[in-house]
Structure formats: C-alpha cells, structure tokens
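Novice: Chains as they are written, first to last, in the UniProt record's numbering: chain F, 1 to 238; chain L, 1 to 238.
It is possible that part of the hints are untrue.
Pairs count within a copy or across copies, as identical chains cannot be separated in the list.
[Claimed, not checked] Straight-line Cα separation of at most 25 Å, SDA-like style, residue types lysine to any residue; simulated pairs:
| hint | residue 1 | residue 2 |
| --- | --- | --- |
| 1 | Lys162 | Asp204 |
| 2 | Lys75 | Pro107 |
| 3 | Lys69 | Val2 |
| 4 | Lys31 | Gly216 |
| 5 | Lys31 | Ala195 |
| 6 | Lys138 | Ala195 |
| 7 | Lys123 | Pro213 |
| 8 | Lys75 | Lys138 |
| 9 | Lys123 | Ser211 |
Keep in mind that the hints were calculated from the coordinates and are not lab data.
Number of protein chains: 2
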Amino acid sequence: MVTKNQIKLVVSLKQKKYRSQHGLFVVEGEKLVKELLREGLRPFKIFVAIGHDFKGYAEVDQISTTDLKQMSSLKQPNGVLGVFHMTRARQFETSDWIVALDAVRDPGNLGTIIRLCDWFGIKQLVCSEDTVDCFNPKVLQATMGSIARVNILYTDLTDFIKKAGLPVFGAFMDGSSIYTQKMPERGVLVMGNEANGISKEMTDLVTERISIPQFGASTAESLNVATATAILLNEIRR
Amino acid sequence: MVTKNQIKLVVSLKQKKYRSQHGLFVVEGEKLVKELLREGLRPFKIFVAIGHDFKGYAEVDQISTTDLKQMSSLKQPNGVLGVFHMTRARQFETSDWIVALDAVRDPGNLGTIIRLCDWFGIKQLVCSEDTVDCFNPKVLQATMGSIARVNILYTDLTDFIKKAGLPVFGAFMDGSSIYTQKMPERGVLVMGNEANGISKEMTDLVTERISIPQFGASTAESLNVATATAILLNEIRR
Chain F
1 MVTKNQIKLV VSLKQKKYRS QHGLFVVEGE KLVKELLREG LRPFKIFVAI GHDFKGYAEV
61 DQISTTDLKQ MSSLKQPNGV LGVFHMTRAR QFETSDWIVA LDAVRDPGNL GTIIRLCDWF
121 GIKQLVCSED TVDCFNPKVL QATMGSIARV NILYTDLTDF IKKAGLPVFG AFMDGSSIYT
181 QKMPERGVLV MGNEANGISK EMTDLVTERI SIPQFGASTA ESLNVATATA ILLNEIRR
Chain L
1 MVTKNQIKLV VSLKQKKYRS QHGLFVVEGE KLVKELLREG LRPFKIFVAI GHDFKGYAEV
61 DQISTTDLKQ MSSLKQPNGV LGVFHMTRAR QFETSDWIVA LDAVRDPGNL GTIIRLCDWF
121 GIKQLVCSED TVDCFNPKVL QATMGSIARV NILYTDLTDF IKKAGLPVFG AFMDGSSIYT
181 QKMPERGVLV MGNEANGISK EMTDLVTERI SIPQFGASTA ESLNVATATA ILLNEIRR
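Bound conformation, chain F alone:
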C-alpha cells in the first residue's frame, strides 16, 4: 500500500530542494536497492511492484505497477524503488588522495567519476557547491552501488583546499606530462567543468600543472572530464 502523500513525497524527491529538506533520496532497480542495503544504508521505504519478490525488510511495501509508474523517473520502471536516508559526509583524511570537482555539471560524468573513485580506492570526493547533486537520479543510475562506498562532500572548494595543506594537481594543456611527473602518496586532484575547465579561482590554488600527452592531430578535441579522470587516477595508482 502506498498513500497519496507518499507518492507526492517520492515525486518531490526528483528535485534537489526536497531531497535536502527531507534528507532522503531515491534509487530504482532491485540490484541497486539490494546493494545499498548490503552497504548498510538505511532505507526509509522500499516500494515493490506486485509480481516482484523482495523479502526480509520491514520497510517493504507491495504496490501496484500504476502507483510505481507515478513515482518512477524511468520510462520503464523496473519493479523496485527504494527511498533511502542520506548519510552525512564523514570527516576527510589527508593521508590519501582526494578528488575535487570544480563545477562538473553532467550527471553521467559525475556518476562515472564516483564509480572510478570506487574502483581506484579513492574514498574521498569533494565537490564545489555548483557541481551536480550526487543524489540526482541520473547520477545514481550511473554510479551503481559506488555511491555507498565513496565519501562525498559538497562545500566551498577553495576554502577546503586551502585548509587541506596538500599538493594540488590540475590538468592543463601546458602542464608537465603525467608520464614523467612523479605522483606523491597523497594530494588533491582537481577536475574542472565540462565547457570551461578549472575555474580561475581554483587555478590559482593548483601547485602542480600536469597534462595527458596527446598523440593525434593537434586539432583533436580535449578529453571528456570522466575519461580524463580515468587516466589520471590510473596514473596516480599505478
């Protein structure tokens, strides 16, 4: 059973404003919901369409496919919709690498970057306040379960970096090649906005200008922010 008010609440969670207000977010699909449960995230409600099997949690409500459709962000709802309590970012540690995102706007890019951090064991991701919200449904579909394993903080990025006291790496066309640059045990890797790159303010805080060598024609477009992050995290860990 689902009440009209619950449907209204879940629909409202498509907007960041209401996610923040209620401290709740939505993920869809049995696999993803189960992964978040396994990672210890606290469910608020788990709505399961009739015909789908999902047992063992007090928060499960069987509902009709019509009701599910009303709440879902997907064209083809896939049977299970979980509403979870947000977790607050834990204290950051300066003993390992931190990835810092400066106004990354595309949900697919943020989702991919969270998944990359998880793969490369980067536990800490700090985002400028104008970076797309990590609880945006499109981000969550792209991160898969990684959202539960990476500690994500939204804050004033310049403030954060000034206080961190770590070397700050940023990719620029005129930076030194990552093939020769020595990567330290810890640091901050700043990745910039899709269209404008790293902002002026953040550029001033970068202590190590690096670059990914280009082998094609000089006319080749720059790399997408998510693929550049993949290459740089691989270089940091290798």
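Knowing the structure of chain F, use the given hints to seat chain L on it.
Specialist: Then chain L, alone, in the frame of chain F:
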C-alpha cells in the same frame, strides 16, 4: 529555401536504414559543421537558420527556424544543420594499433571511444556489425570532429581479426595487470559489450588477457567501457 522533399530526406536520416541507402548523415551546430568541412568531408547541403551567418559554401541554404526545427534531432536546434556524404573506410594498416569494438551499444560510449582514438592517435577503429552506428546523431554529438579523423569500419569482427595476424588484447578480470604486461608496437585491443563484455566467439581469439588493477573494495562495479578504453589506450601509448 528548403523543399518538403528535402525535409523528408533529412528526417529520414535519423534512421540507419536511410543513412545507408542515401550514403548521407547529419551533424548539427556551426562548430561541428565547420570542423567537418575543414577536415575535407563533402557537404551535400548546409541548412542555416535566418539570423545565423555562414558563408563561403555553395551548398548553404538559408531557411526559417520553423523548417530547421522540423529537421533537427535537438530539442533546441542551434542554427546550423549539415548533411554530409559518408566516406568509405580506407584500407586498414597493421603497422599500428587497431581498436575493435564487439557489440558496443551505447551511442555516448561509442562517441567517447572515437574521441579517445583521435586523442591517442589511433587511426583505425573496427566495429562488429551489431555495434551502434557511428553516424547515429547521438554518437556524432559525442565525438565532436573526431569522426572525420578516425577510419571506422563495420565488418565481421572475427573474420577481420583472424586475417589481421596481430596479437589480440582483451580485458578480463583474471588477466595479467597492465602495469606489468609489456605492450607491443602494434596489436588489436578488443572492447566488449556494456552488459556482457567480450563475446564467447571473440574471447577465443584473444591472445593476451589483460586487466586493469582494482584498488577499491572487491564489490566495486566493473568500469564503464569508455573509461576502460581510456585507461588502456593511455597504457598502450605511455
């Protein structure tokens, strides 16, 4: 001026069937159209909405924004729509690396991979016949101008690889680490489908099983095919 038949033709080019039949494809946006012209691609027609400036080509037709809207794949058409003649794939050379895609289905992933090939100077991309069409509008928006600089062939992949006579690299969870594996001067790098990875048939042809080391929890999801390609091409070139 644009005729009703021309509008019908351009709209039909959203489908692969008609693109193949006419040997034409569509790109949108002044920047992208100009880049393809600069790369020497042959325009069939360039439709330019009134108010936009685009000179120097016999194929330019000034049209109304209403007509442009009818032809565009974008929610917000951006003034310029170019129809280009397809180029046929040139002869492949076995003196450098070749990237082979085995049933990559997502247009964004293919677009990103084409852009990566361009960046890393990989001139040859061979695709299985069930890989998404590279002239799909969403692929073209993601590749930017790189589509003109990478030689792309759709063919029977197993046949192609058997004839190439090159070492064949494929990424598998149990492969040897790319940090220790020596990469030769030339070879084929096979990347698999988003959900199923490399097919059984292609797996049998892989001579070198490689893997990207994972540093996070063992529960971390696999990497997205485009980000894995980014890391592997970087390793090949570094």
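Novice: One pair to classify: Lys69 and Val2, alpha carbons no more than 25 Å apart. Within, between, both, or neither?
Specialist: within (12 Å within a copy, 42 Å between copies)
Novice: Within a copy, between copies, both or neither: which one fits Lys123 and Ser211 at a CA-CA cutoff of 25 Å?
Specialist: both (24 Å within a copy, 22 Å between copies)
Novice: Which holds for Lys31 with Ala195 at a C-alpha limit of 25 Å: within a copy, between copies, both or neither?
Specialist: Only across copies: Lys31 and Ala195 sit 14 Å apart there, 34 Å inside one copy, limit 25 Å.
Novice: At 25 Å max between alpha carbons, let me know whether Lys31 reaches Gly216 within a copy, between copies, both or neither.
Specialist: For Lys31 and Gly216, only the inter-copy Cα distance (20 Å) is at most 25 Å; the intra-copy one is 40 Å.
Novice: Pop the pair Lys75 and Lys138 into one bin, within, between, both or neither, using alpha-carbon distances up to 25 Å.
Specialist: both (13 Å within a copy, 19 Å between copies)
Novice: Classify it for me, Lys123 with Pro213: is the Cα-Cα distance of at most 25 Å met within a copy, between copies, both or neither?
Specialist: between (27 Å within a copy, 16 Å between copies)
Novice: When no copy is specified for Lys75 and Pro107, does a C-alpha distance of 25 Å or less occur within a copy, between copies, both, or neither?
Specialist: Close inside one copy (18 Å) and across copies (18 Å); limit 25 Å.
Novice: At most 25 Å between C-alpha atoms: does Lys138 with Ala195 qualify within a copy, between copies, both, or neither?
Specialist: Classified as both: same-chain Cα gap 20 Å, cross-chain 18 Å, threshold 25 Å.
Novice: At 25 Å max between alpha carbons, let me know whether Lys162 reaches Asp204 within a copy, between copies, both or neither.
Specialist: The answer is within: 11 Å in one copy meets 25 Å, while 53 Å across copies does not.
Going through the hint list in order, the structure satisfies each hint without exception.
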